[in-house]
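**Student:** Chain residues, written in single-letter form:
2 protein chains.
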Amino acid sequence: MLRAAAAAGYEAFGYNRSEVGAKAARMDGYDVISDVEAVLTRAAGRDALIVVGVPMPAIDAVLSDVKTFAPDCVLTDVVSVKAPVAAAVQRHELGARYVGGHPMAGTSESGWAASAPDLFKNAAWAVSVDPGVHADPFRRVAQLALDCGAVVVPVLAVEHDRAVARISHLPHVLAEALAIEGANGGPLALGLAAGSFRDGTRVAATAPDLVRAICEPNATALLDVLDDTLEVLTQARDSLRANGTITELTEAGHDARTDYDDNERWFITDVRPGDHNWLTKLIDAGRSGGVLNSLD
Amino acid sequence: MLRAAAAAGYEAFGYNRSEVGAKAARMDGYDVISDVEAVLTRAAGRDALIVVGVPMPAIDAVLSDVKTFAPDCVLTDVVSVKAPVAAAVQRHELGARYVGGHPMAGTSESGWAASAPDLFKNAAWAVSVDPGVHADPFRRVAQLALDCGAVVVPVLAVEHDRAVARISHLPHVLAEALAIEGANGGPLALGLAAGSFRDGTRVAATAPDLVRAICEPNATALLDVLDDTLEVLTQARDSLRANGTITELTEAGHDARTDYDDNERWFITDVRPGDHNWLTKLIDAGRSGGVLNSLD
Chain A
1 MLRAAAAAGY
11 EAFGYNRSEV
21 GAKAARMDGY
31 DVISDVEAVL
41 TRAAGRDALI
51 VVGVPMPAID
61 AVLSDVKTFA
71 PDCVLTDVVS
81 VKAPVAAAVQ
91 RHELGARYVG
101 GHPMAGTSES
111 GWAASAPDLF
121 KNAAWAVSVD
131 PGVHADPFRR
141 VAQLALDCGA
151 VVVPVLAVEH
161 DRAVARISHL
171 PHVLAEALAI
181 EGANGGPLAL
191 GLAAGSFRDG
201 TRVAATAPDL
211 VRAICEPNAT
221 ALLDVLDDTL
231 EVLTQARDSL
241 RANGTITELT
251 EAGHDARTDY
261 DDNERWFITD
271 VRPGDHNWLT
281 KLIDAGRSGG
291 VLNSLD
Chain B
1 MLRAAAAAGY
11 EAFGYNRSEV
21 GAKAARMDGY
31 DVISDVEAVL
41 TRAAGRDALI
51 VVGVPMPAID
61 AVLSDVKTFA
71 PDCVLTDVVS
81 VKAPVAAAVQ
91 RHELGARYVG
101 GHPMAGTSES
111 GWAASAPDLF
121 KNAAWAVSVD
131 PGVHADPFRR
141 VAQLALDCGA
151 VVVPVLAVEH
161 DRAVARISHL
171 PHVLAEALAI
181 EGANGGPLAL
191 GLAAGSFRDG
201 TRVAATAPDL
211 VRAICEPNAT
221 ALLDVLDDTL
231 EVLTQARDSL
241 RANGTITELT
251 EAGHDARTDY
261 DDNERWFITD
271 VRPGDHNWLT
281 KLIDAGRSGG
291 VLNSLD
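Residue numbers (the UniProt record's numbering), protein chains in the order written: chain A, 1 to 296; chain B, 1 to 296.
No wet-lab data here; the hints were simulated from the structure.
Do not rely on the hints blindly, as some may be mistaken.
As the list makes no split between identical chains, a pair holds if one copy fits it or if it spans any two.
[Claimed, not checked] Think about it this way: if two alpha-carbon atoms lie no more than 25 Å apart in a straight line, the pair counts; the simulated SDA-like pairs of lysine to any residue are:
hint, residue 1, residue 2
1, K281, N184
2, K121, D28
3, K121, A194
4, K121, R202
Work the whole structure out from these sequences, hints included.
**Tutor:** As structure tokens, then:
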């Protein structure tokens with residue numbers, strides 16, 4: 001985020017609780033400190049837009065600091081779930097200037113060395129349009145996403161969480177299971193593994209604690225999707241056992257992947273933040289694949 | 001295969017039952033016809049090594065032609081299962097000069113236009129070392145794999161089939177299920193999908209009939225792995241529901257992916273085809289990750 005915002009011309013400064021992490025960023029010429037009071041006081045003094053980028057388990061501690069040192073700043077986050085963050089923001093009475101966000105981009109690596117200014121180029125960036133979101137903070141958050149090269153997907157927190165259970169959290173769970181089944185085949189199986197196994201297990205290389213921090217706060221939505229997935233797989237297994245075929249699975253799966261390949265963004269051009277019913281209009285547009293690529 | 005063998009200096013000629021496919025290859029300067037009797041008669045006259053590259057359901061028809069027109073040629077195949085092909089070869093009484101093969105390489109595309117001479121560079125190429133395999137045909141088949149840029153993984157047909165159920169057929173099944181779950185989330189979910197979903201569903205783009213032709217002949221091994229996978233996923237689901245955590249899954253999955261990343265080929269240097277007990281020695285070496293990168 002810091003690299004991308006700085007590359008886009010923002011006067012960007014940052015905080016990392018680890019002085020090692022902060023120093024690594026400073027060595028590359030970025031303005032990053034490990035003193036949370038100092039960074040938030042500075043943010044408050046400049047009416048900065050605060051972007052919280054920590055795993056869900058660390059949210060409460062960070063919001064508590066924001067409430068203490070910079071309660072009037074516009075606030076967003078890049079956490080992988082939105083409803084639990086929104087609830088935490090409410091608990092800390094920071095809701096008035098909060099607009100949740102989630103850029104759909106990342107790698108299986110972490111730390112300063114894994115960061116890149118072009119990570120968000122052409123990415124989808126979910127931005128909350130929940131009741132109570134105000135137009136001015138929405139504009140600032142959405143503009144930051146656009147300036148980082150992303151498009152803005154307007155979405156309700158709870159619908160975001162259900163969607164990412166399907167397309168982000170389930171891929172993690174299936175990758176872990178696939179990796180386990182492959183390794184159970186020993187060196188022979190792992191030595192024969194090629195592209196389908198490599199790609200299918202790529203995200204299993206993510207640190208286990210990070211996968212937990214991503215998936216567990218979204219347990220309700222993920223459980224629904226896991227139940228569905230177990231049903232799909234059980235049906236395929238039963239069909240293979242009883243009739244020797246997985247026709248239904250392969251045809252539905254191919255159709256689904258074709259839907260994905262054919263799924264095209266369309267640009268929302270007729271809604272401006274602050275217009276009459278703008279939240280409702282953006283919610284509807286986002287549900288049917290619409291994105292904002294400009295605020296004008 | 002034809003492109004790779006020709007690039008390696010072989011006098012390679014081919015057959016495709018579709019004249020359109022054969023012509024596409026001829027337009028690129030390759031010697032390919034659509035007359036099966038002519039191509040096999042020519043193969044028999046030159047003591048050619050015959051490589052059968054058809055989906056499992058077409059194997060019987062092809063072997064019947066081979067038995068009629070070129071029964072004394074050395075015979076191999078690149079089909080994704082080995083025990084069912086070996087059984088078919090026995091039925092057609094072609095076992096004496098048969099050595100099964102399976103290069104672990106491919107894309108989700110098919111047809112002449114999707115072929116590439118460097119597809120097998122550095123790939124693992126399973127070659128059968130089942131009882132009854134003779135040293136001379138083994139040498140010819142293994143040398144072809146090496147000349148195409150691959151390394152040879154010596155393996156029993158039944159152990160190959162169990163291994164590929166884990167690292168090739170299960171990835172197909174999980175990719176189909178993941179694609180279905182993603183598409184069920186509609187345009188919003190598909191629009192938010194990023195790298196983990198794209199990679200995890202890549203092979204769901206494969207033609208459904210080809211996925212069936214790959215997986216269904218290996219039903220026995222795939223059913224065992226599917227049962228295991230359902231258990232792993234059910235345990236994760238139950239743990240998430242009861243305790244809010246997927247610790248066990250994420251740690252085992254990460255360890256497994258690390259096993260895969262750390263899995264290194266080692267070169268078998270002390271066994272030559274035809275040596276005393278060479279088949280047994282190669283079976284043992286293959287089981288523990290050994291590969292042949294030379295026959296000398």
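**Student:** Are the hints correct? Go through all of them and say.
**Tutor:** Results of checking the hints against the structure:
Taking the closest pair of Cα atoms, K281 and N184 come within 25 Å of each other only across two copies (23 Å); inside a single copy the shortest separation is 50 Å, beyond that limit. Taking the shortest Cα distances, K121 and D28 sit within 25 Å of each other inside one copy (21 Å), while across copies they are farther apart (39 Å). In this assembly of identical chains, K121 and A194 lie within 25 Å of each other by CA distance solely across copies; the values are 12 Å between and 29 Å within a copy. Within a single copy, K121 and R202 get their C-alpha atoms as close as 21 Å, and across copies as close as 21 Å, so both meet the 25 Å cut-off.
Checked against the numbered hints given earlier, this structure breaks none of them.
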